[in-house]
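If you read the protein sequences in the order shown, they are chains A and B.
Residue numbering for the first sequence follows this note's numbering, beginning at 401 and increasing consecutively.
Residue numbering for the second sequence follows this note's numbering, beginning at 401 and increasing consecutively.
These are calculated hints, taken from the structure and not from any lab test.
You may find that some hints are simply not true.
Identical chains share a label here; the pair holds if one copy fits it or two copies do between them.
[Unchecked claim] Restricting the straight-line Cα-Cα distance to at most 25 Å, the calculated cross-link-like pairs of lysine-lysine (BS3-like) are:
#1 727 - 450
#2 593 - 694
#3 706 - 457
#4 614 - 496
#5 504 - 593
#6 612 - 706
#7 727 - 694
#8 427 - 450
#9 593 - 686
#10 686 - 568
There are 2 protein chains.
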Amino acid sequence: MIDQTRLPLEEVFIECGDYLCVADAIKTMKVRGAPAIGVSAAMGIALGAKNISSTDKMEFLNQFNQICDAISSTRPTAVNLFWAINRMKNILEKNKDLDVSFIKEALVDEAILIANEDEEVCRKMGENGAVLIEDGDNVLTHCNAGALAAVSYGTALAVVRAAFNQGKNIHVYVDETRPLLQGARLTAWELMKENIPMTLIADNMAGYFMSKNKIDKVVVGADRIAANGDTANKIGTYSVSVLAKENNVPFYVAAPLSTIDFNIKSGDEIIIEERAPEEVTHIQGKQIAPDGVKVANPAFDVTPAKNIAGIITEKGIAKFPFTESLKTWGHKSQSHKDTSEETCGLMNG
Amino acid sequence: MIDQTRLPLEEVFIECGDYLCVADAIKTMKVRGAPAIGVSAAMGIALGAKNISSTDKMEFLNQFNQICDAISSTRPTAVNLFWAINRMKNILEKNKDLDVSFIKEALVDEAILIANEDEEVCRKMGENGAVLIEDGDNVLTHCNAGALAAVSYGTALAVVRAAFNQGKNIHVYVDETRPLLQGARLTAWELMKENIPMTLIADNMAGYFMSKNKIDKVVVGADRIAANGDTANKIGTYSVSVLAKENNVPFYVAAPLSTIDFNIKSGDEIIIEERAPEEVTHIQGKQIAPDGVKVANPAFDVTPAKNIAGIITEKGIAKFPFTESLKTWGHKSQSHKDTSEETCGLMNG
Chain A
401 MIDQTRLPLE EVFIECGDYL CVADAIKTMK VRGAPAIGVS AAMGIALGAK
451 NISSTDKMEF LNQFNQICDA ISSTRPTAVN LFWAINRMKN ILEKNKDLDV
501 SFIKEALVDE AILIANEDEE VCRKMGENGA VLIEDGDNVL THCNAGALAA
551 VSYGTALAVV RAAFNQGKNI HVYVDETRPL LQGARLTAWE LMKENIPMTL
601 IADNMAGYFM SKNKIDKVVV GADRIAANGD TANKIGTYSV SVLAKENNVP
651 FYVAAPLSTI DFNIKSGDEI IIEERAPEEV THIQGKQIAP DGVKVANPAF
701 DVTPAKNIAG IITEKGIAKF PFTESLKTWG HKSQSHKDTS EETCGLMNG
Chain B
401 MIDQTRLPLE EVFIECGDYL CVADAIKTMK VRGAPAIGVS AAMGIALGAK
451 NISSTDKMEF LNQFNQICDA ISSTRPTAVN LFWAINRMKN ILEKNKDLDV
501 SFIKEALVDE AILIANEDEE VCRKMGENGA VLIEDGDNVL THCNAGALAA
551 VSYGTALAVV RAAFNQGKNI HVYVDETRPL LQGARLTAWE LMKENIPMTL
601 IADNMAGYFM SKNKIDKVVV GADRIAANGD TANKIGTYSV SVLAKENNVP
651 FYVAAPLSTI DFNIKSGDEI IIEERAPEEV THIQGKQIAP DGVKVANPAF
701 DVTPAKNIAG IITEKGIAKF PFTESLKTWG HKSQSHKDTS EETCGLMNG
């Protein structure tokens, strides 16, 4: 995987030989973005399981659980992490009567399947969301919900990419996204690579450009979506949603159904990760605040469903109120019964 | 003056021997903040005038105008700059029949008067605003409207200081204020020097803390206030005002009457300075975005009067709609007729 902490100045790739390396990459945000975290978690578990030397079933199960625990303790907010771990656990459960070598094979296959599905899901999301973007639109995005945040293509940026590839003349305002600058470092880098017109701004400029009617749509990704549509995403997303509402700019979330946590009714239940103060006091190693300053550093916030014009998924675009449509699509998706085209429209309720 | 671009890691003082040094300090933001810009402009003009070697009146006037032009071309938004230049020009006008040496003396006296008045005005503003801050309040501020932005004491921070000195138990959330990080570098430094409890946050976190009911009041400074109360201040202030309105947090502006531009009816007429892209792409010399990225960098935005609960001035606190009270105070202040205590209350309309 590419080390996202080194972008955009260096393109350094990390090759992990064991699951601890993968866990560390997630924790230190060398890999980040909800879908990419999910895929990395699955790959890390498959790698860890493959490396277990014991052929004794009990010992294998014991070590497998240790691996899952290590991976699950990396970051608390992105639900895709736990979703991927559960898929791997389910594979183990299904195959537990087989020999250890067969179980390992099944786990590796599942991790590859998760990665392939992610790519397909992102492309579908892009297609579904692109209908919302009109020729000439200025689209604001916050953080990085691009190819780097997924296997490829991305979530919010999948929508931008699809609209651009359809020949629409679009321009993207990119929030730099403090503290870790995923917008300045990653989204700008991705868009420039594809020659999609863009302008980088500091986070506190988004409201100004909205008030000047320079922004037509907002599209962001998500780290966890509650059953009612409340959306946890990178810190600052909530503020963008309030500014969008004030200025009558439609605010969209693009996320795979795997980002929806049907176990929680609303955003109040979402745990917000507090990260190290150094992320605020230092930028790329340079100290920008006085020694010993007190800092708060919540990594996410929750955008209430009422501020969201639509949630773009691989099954279609859900509209407020979201509970029913998300539930229907989520259950269908989880039961793997339905991938037909008929649900890929606009769904209300 | 202290070089504000080097804070908080270094306390370096600049001593200017000529007006070009002062103009450069304003332009490069070594000195910044509307009141401090005004005082520096006056001092720069006095210094420049003092250095004119010719005793010929016409030659002196010619060079004086060159000095004023150089100072006035440094920054376009802060009205205090033009207000101070006008005061100096008026002194010249009043004394134009005297010898050059007497004119020089009058200009130096006026610059010193402007500096002394600024200090007094800031203290009055602090006293007037402190009544708004309750024991236990969490106050958010954006940018630096502290002692560094004025001769001493500050504008928004004058209110915080006065409340703290009255023994109120307060805590300040400090927006770091991208791109130039005046909050992280200057406001944090000032508050820590005075042991006023504070927490530094990235700009995009303010909305999160408001939504969690962690912020009770917002107090910011101003660079130019239109006759109707529309307020130009550091980029991001408008966003804070929208978030405050959404979360029912009172939003106050603290500014001397010299910051009010009675020549413009509304904020639509305020020129917004666009600064260099490097302020966004580089932080303390470190590059944070891809080479060649396109950037926007408006230095200010305009907060509409309707988002402002009160404008704290040296004469009292004006309430929405502001036009009448600001006009009354402004005219009284400009005619130097009234400094009585009776106007230092809360004035509506």
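Taking the hints in turn, this is what the structure says about them:
Taking the shortest Cα distances, residue 727 and residue 450 never come within 25 Å of each other, neither inside one copy (35 Å) nor across copies (77 Å). In this assembly of identical chains, residue 593 and residue 694 lie within 25 Å of each other by CA distance solely across copies; the values are 13 Å between and 38 Å within a copy. Neither within a single protomer nor between protomers do residue 706 and residue 457 lie at most 25 Å apart by alpha-carbon distance, with minima of 50 Å and 69 Å respectively. Within a single copy, residue 614 and residue 496 get their C-alpha atoms no closer than 57 Å, and across copies no closer than 50 Å, so neither meets the 25 Å cut-off.
For the homomeric pair residue 504 and residue 593, neither the shortest alpha-carbon distance inside one copy (38 Å) nor that between copies (60 Å) is at most 25 Å. In this homomeric assembly, residue 612 and residue 706 come within 25 Å of each other (Cα to Cα) both inside a single copy, at 24 Å, and across copies, at 17 Å. Taking the shortest alpha-carbon separations for residue 727 and residue 694, neither the intra-copy value of 42 Å nor the inter-copy value of 41 Å comes in at or below 25 Å. In this assembly of identical chains, residue 427 and residue 450 lie within 25 Å of each other by CA distance solely inside one copy; the values are 22 Å within and 62 Å between copies.
For a Cα distance limit of 25 Å, the shortest separation of residue 593 from residue 686 across copies, 22 Å, qualifies, whereas the shortest one inside one copy, 27 Å, does not. In this assembly of identical chains, residue 686 and residue 568 lie within 25 Å of each other by CA distance neither inside one copy nor across copies; the values are 40 Å within and 35 Å between.
Violation of the numbered hints given earlier is confined to hints 1, 3, 4, 5, 7, 10; the remaining hints are satisfied by the structure.
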